[in-house]
Every structure is written in structure tokens, then in C-alpha cells.
Amino acid sequence: MSEKEKVERRSYLKYGGAVVAAAVVAAVGYYAGTTTAPAGRTVTTTVTEAAKTVTVTATPAATPPPVAEFGKGLRFTYVTHGGEENVFWNSVMLGMKEAMAVLGCDSVMIRPKKEGDLAMEASAFETTIAEKPDGIVVPIAYTELLPLVKKATDAGIPVLVHNIDAPNAEDRIKAGGLCFIGQDLDYAGYFLAKSLSKYFPSGSHALILMEGPGMVWAEERAKGIAQFLKEYKCTYDRLDVSFDLAVVESNTSAYLQAHPETKAVFSVGYTSPIAGKVLEAMGRPPGEVAIGTFDVVPLVVDGIKSGYTTIAIDQQPYLQGFLPMVQLTMMKKYALGAWDVNTGNAIVDKSNVATVEELSKKGYR
Amino acid sequence: MNARTLVSNLLQKKEVSVSVILAITILFFFSIQQKFLSNANVDVLLKISPELGIPALGVTMLMIAGEFDLSVGSVFGLAPMFAAVMMEMGINPWVSILLTLMVCCLIGITHGVITVKASIPSFITTLGGMLIWRGVSLAVTGGLPKYFYMPPEFMNLVVHRVTTFVYMQELWFFAITIIFFIILERHKFGNWMASTGGKKEAARAMGINTSMVKIVCFMLSSLAAGFGGIIQSTRLSQAMPNQGDGLEFDAIAAAVIGGTSLFGGSGTVIGTVIGEYLSRIIENGLIIIRAPSYYFRLYIGVVIILAVIANLYIQRKAMRVRG
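These protein sequence lines are chains A and E, in that order. Residue numbers 1144 to 1508, in this note's numbering, belong to the letters of the first sequence in order. Residue numbers 1496 to 1818, in this note's numbering, belong to the letters of the second sequence in order.
Wrong hints could be hidden among the right ones.
[Claimed, not checked] Listing some non-contacts, in silico: residues in chain E with all C-beta distances to chain A over 12 Å:
1. LYS1508
2. PHE1618
3. PHE1649
4. ASN1651
5. ALA1734
6. ALA1805
[What the hints assert, rightly or not] Pairs of lysine to any residue residues, derived as SDA-like cross-links and limited to a Cα-Cα distance of at most 25 Å, are as follows:
7. A/LYS1257 with E/ILE1619
8. A/LYS1504 with E/ASP1538
9. A/LYS1406 with E/ASP1538
10. A/LYS1504 with E/TRP1589
11. A/LYS1448 with E/ASN1651
12. A/LYS1257 with E/LEU1626
13. A/LYS1366 with E/LEU1793
14. A/LYS1257 with E/PRO1616
15. E/LYS1612 with E/SER1732
16. A/LYS1448 with E/SER1732
17. A/LYS1257 with E/GLY1637
18. A/LYS1504 with E/LEU1594
19. A/LYS1257 with E/ARG1792
20. A/LYS1317 with A/LEU1479
Think of the hints as simulated: they come from the structure by calculation, not from any bench. Quick caveat, the model's predicted, so the values are computed rather than measured. We put the CB at the ideal spot given by N, CA and C, even for glycine.
I would like the entire structure built from these sequences, with the hints used as guidance.
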């Protein structure tokens, strides 16, 4: 190879690197720009809708509406276990950010680099207590967090629990957790199974796909589904899978081949629409097997549109981010008490899937 | 030359010994449950395997050249995300895909240049890459999933079902395997790769530009990972920010089961293809024979270790017969 060629290759590499860097920076920049734009747009709509009850007249304007002064000076912290790649928690965060814009208070959400990292969540919690914000919002993903809830309460910081409650709500109340804003997971599983039971006969066989075996949220939902199935006199199997969709497809296919008598498929996460694809490939018509799932992601929306996925339960993560801010601000300003909210019984089916699809594209559902 | 020597010669080939294991596995599951080889089940196995197999092919090439790539799962997620974002910006889907694949190449080249120029283990470079590229797809999208609706022409080219058991993604998988096979076995670049991975100093002394060889292999690895991600997103019409999470280990496992050395210098892409099918089949088969579901991971772990041991055993045995 000649010297000239070498130089050329090197400069290709150099320019190549520059192009990658530029592309990445441009994309991030572009998106940083656009993600704030929809936020601005929705702030105005939220306010006009809220105006009915709050009696604040706000006209859609580019400048922040006067309400933004409401919670000025208040600082809140969300400590969570939802890793940065977790789609669900991004909607929670969007809710928090928009509440921030509407109320004018300041808030941050601490998320671990690795999903469900207890050590990281606990240490972030400790740090937050030391920093003394005006309120803390935390999901009790692990009961080990309860002593920290108590510590924060003892330090005079109000703690609201969202997303996941302690397995025994009494323990949370004893520790000082003032309310729970989220989906009662056990009940959500029960609610899903019950809502789907219109579409499959009593006494039949069902499959439960477990995307997070051993994790509280997954086990609790599975427990609820199983409880209803028992009451409905159905037999069921649970199949441990992950969120790797290709593997879910192969495993579900194998299961449905081996158990053609299956009349309903549930998932504790969002993967059961894959079962619809499998059934379609097997040449079975939509509706023959009822499919119920959680959360609103493109896979679920497409599944419902195709007719193979029957219903999905949306636990409305946006509300789990938005509402704690409202409550904390009220508590701080007017010494009002916190209140429990069940965000988790919104059913998505063929009748409302189009609306939900539009909102899900923006991260609200 | 008698029949026995012929068989032992054949069995010494990694592809053949792992195929024997594959055949035994298939027979085992089939003997317990005939539905294992039903059209629908075979169909789904053939349909999904390329998505995970194509990245594994890229990883195999890189492992032969003596390096690792832990970033394939993240690139698998980034590529469709990147294409989706470009399409949202109004760029033509074909151009978006082309640009995305170019970006994947550049990502691989970047990993390669950093590894080679800074002389750090690729384990570290690509561990960094794994976090960085996952981080980029999260930052770009705010972590939200994207719809991934491609024009029908593109879908026909990438995920179309040609006829029973024949999918476009499979044809891509085999075409890439054949190209890589030719590079490895019939082209001097393949020799360069093996020497670079086996004995770098000797390769250098022979006048091989080992840095260039490695950089090209890094590029192939990222390109294959990105392409795999695009196939999956096209098939499911969605790009998820967590897509491909953990794929790096599946890819390395497929390569190693197929007989590629963890230490570089030797390996086979056909072995990887078989290794990939083997790992998919084990999981699928366990379900179809109704093995109790709580024990799946346990079984799969045991079976993977046994498969690799059996592979080595068959090869050694074959060598002894010959000796």
C-alpha cells in the first residue's frame, strides 16, 4: 500500500468519525428541540381543560401562562427504579415535566442506569433525603425502601408513593407514605382477566406470559390474573419469557402448538400481541383466542387494530407523573391532605384505539 | 482411505459436529412431541432466527479477528430508531435506511479505530459503545417507542413470506452467510482475519495490516447488528428503545456453540448459523414438550454447556480415530 493511499484511508476514517459525531449531535439537537415543542403545545391544552375546575383563565400563548407562578419555589424529587430505557417511565417523566410547567415548581426524576437497581435507588433516596426537597415521590419496588420512607418522613419531608405500592399498604402507611397514586397491580391483573372474560368461556385453558419472573410488578399482576382464572374455573400455565420479542414469538408458538386448547392469552407486560401474530401465522381467525395485555405501545395498538389482541389495560403512567406534583403543591401551599388515586383501569379496545394511538405517539398514553 | 477415516475427517469439521448435535436435538424433541416439526412451528423458528442470527454472523467475523463486540444489542436498537427519526423528519424511507446502514458502518469503524489506535481491549471499547449507543437512542427519542411503517416494496424485500418456510429475511441471512463464508474460506482477507486473531505479531511480520483487518471486522459487526434491528422493526412495525437488550450474549453464545474460538483465530459462520438455530430450538422445544416452565432457564443453561462440551468431544474423538 502506498503512503498516499494510507493517508487517504486515514482521512476517510477521520471524516467518517466526524460524520458519525455530527449526525449524532444533530439528531440529539433536533430532538431536544422538538421534544420541548409538543410539551409547550400541550401545556396550553391541559390548562384550558383544567380551567373548568381550577378557574384559571389561560389563553393558548407562547409565553408561560400565569398559573406557572402557583408552585414557584417548591422543589420535588422523584426517586425511581425505572431505567432510562424503560418506555413506561418516560411517560411518567413526561407527566412530571408538564406538571412542572403548569405549576411552576421545580422537580427532578432520578433513574438508575440499570433497570431495577435497588442499591442505586436506595442510595439516591438517601442522598435526596439529605438534600431536603419539599417532597419526595417514590415507588416501593422493594420493601427495603420502607425504612427510607420513614427516615424522610422523620426528617419532615412528605413522601408520596406512586406506581408500585408496598405489598401490604399498612406497612407503607406506618412508614409515613401518605398516599398511593398508581395501579393496584394485583387488582389490575384481576381487572384485566375479568374484562377479558367476556371473550372466552368459563372452564377453558389460558396462558400467562411472564416478562419479568421474580419481579414484584410482574408477580403481582400474574397473581391477580390467576386469581380471577381460578374463580372463572379455568386452568392456566405460566410461561416465563422476557421482552425479547423474537424469543417470545418462538416460545409462544411452541406453547400454542402444544396446547391448542388455549382460549385466552395474557401477558403481565406488553408482549401478548405477539401471540396474535403467531395465531395469524397458524391460520386461525382473530377472536378465536382472546388476548389481553398491559400498556400502550405500537405492538399493542397494531394488535388491537388487527383484531387479534382483544383488550389492553393502560395504567396511565402520565398521571403517575403528573398527579403527585399537583398533590404535593396543594399540600405545601394550603396544607391539604394527600389522597389515593387508582390510575390503572383504562381499557383500550377496538372502540378507542385510534384516539389512544395518536396520544401514545406523543407519549401521553 | 476408508469410510471410518472419512467420517472422522468430517466430524473434525466444527460445522459437521455441531450439525450432529442439532440433528440429535431435533430428533429428541420430535420423538417426544410430533408437533415440534409441524409447519407452523418450523415456520416461526425460520422466521425469527435471522433477526438474531445476522448480528451473530457479524460477531463471529469479529471474534475470528480476535475481538469482541458487546455493542451489537445497542446498535440493533439504535438503527431502526435512527431510521424512524429520519423518516419522521420527512426523509425518504429508502434513503433513511441507506443512511442508517452507513451510520452503523461508521459506528463500527469508530469502535475499531478506538480499539486499534488506543490499544485498549475491545471489551472496553464496545462496553462503552453499548452504553453510548443505547444512550443515543434514548436521548434522541426521549425513550418513547416509535412506529416503524415501511413502504410495501421495502417490506417485500426484507420480511416478505415467499412461500412456506421461505422468508426474505431468511434469504438475507443465508446470502450474508455465503458472502462471509467466501470471504473467510476463499479470499485472502479471510486468511488475514484468522492470522490477525490467532497470532497478531506473526501476522504483522507477514505484512498484514492487522489494524485495517480489525477495523473492517468491527464495521461488519455493527452493520450486521443494525441490519438485524431493521429487520425486526420492519416485521413488527415498531422500534423500541430497549430493542436488542441482551442480544450481545445471545450472539456470542451462538458463535461459541457453533465452534468459534473465544480467543480468536478460528471460527466458522456456518457453525454460527447452526448454533443460532440450536439455541432457538432448545428453548422452543422445551416448551413444546411441555417442560415445566419454571425450569426453562435452568435447562437452557445446562443444555448450552452440554452442547459445547459434546461438540468438543466429538471433534476430539474424531481426531483420535484418525490418529
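For each hint, the structure was consulted:
Annotated as non-interface, E/LYS1508 keeps its C-beta farther than 12 Å from every C-beta of chain A; the closest such distance is 28 Å. Every CB of chain A is more than 12 Å from the CB of E/PHE1618 (nearest about 18 Å), matching its label as outside the interface. Listed as outside the interface, E/PHE1649 is consistent with that label: its C-beta sits roughly 17 Å from the nearest C-beta of chain A, beyond the 12 Å cut-off. For E/ASN1651, the non-interface assignment is confirmed: its Cβ lies about 18 Å from the closest Cβ of chain A, beyond the 12 Å cut-off.
Residue-level check failed: E/ALA1734 sits 8 Å from the nearest beta carbon of chain A, not beyond 12 Å. Even its closest Cβ contact with chain A, about 23 Å, leaves E/ALA1805 beyond 12 Å, as expected for a residue assigned away from the interface. At most 25 Å may separate the alpha-carbon atoms for a hinted pair to count; A/LYS1257 and E/ILE1619 meet this at roughly 18 Å. A distance of roughly 32 Å separates the Cα atoms of A/LYS1504 and E/ASP1538; the hinted pair therefore is violated under the 25 Å criterion.
For a cut-off of 25 Å, the pair hint linking A/LYS1406 to E/ASP1538 stands: about 22 Å separates their Cα positions. The straight-line distance between the Cα atoms of A/LYS1504 and E/TRP1589 is roughly 22 Å, inside the 25 Å bound, and the hint therefore holds. For a cut-off of 25 Å, the pair hint linking A/LYS1448 to E/ASN1651 stands: about 21 Å separates their Cα positions. For the suggested pair A/LYS1257 and E/LEU1626, the alpha carbons sit about 10 Å apart, so the restraint of at most 25 Å is met.
For the proposed pair A/LYS1366 and E/LEU1793, the alpha carbon gap of about 23 Å is at most 25 Å, so the pair holds. Distance restraint check for A/LYS1257 and E/PRO1616: the Cα-Cα separation of roughly 23 Å lies within the 25 Å cut-off, and the hinted pair is therefore satisfied. The hinted pair formed by E/LYS1612 and E/SER1732 fails the criterion: a straight-line CA distance of about 39 Å is larger than 25 Å. Of the pairs offered as hints, the one joining A/LYS1448 and E/SER1732 holds, with about 13 Å between alpha carbons and a cut-off of 25 Å not exceeded.
Of the pairs offered as hints, the one joining A/LYS1257 and E/GLY1637 holds, with about 17 Å between alpha carbons and a cut-off of 25 Å not exceeded. Between A/LYS1504 and E/LEU1594, the direct Cα distance comes to roughly 24 Å. Compliance with the 25 Å bound is thereby established for this hinted pair. Using a Cα cut-off of 25 Å, the hinted pair A/LYS1257 and E/ARG1792 holds, with the two alpha carbons roughly 21 Å apart. Our distance criterion of 25 Å between C-alpha atoms is met by A/LYS1317 and A/LEU1479, whose separation comes to about 20 Å.
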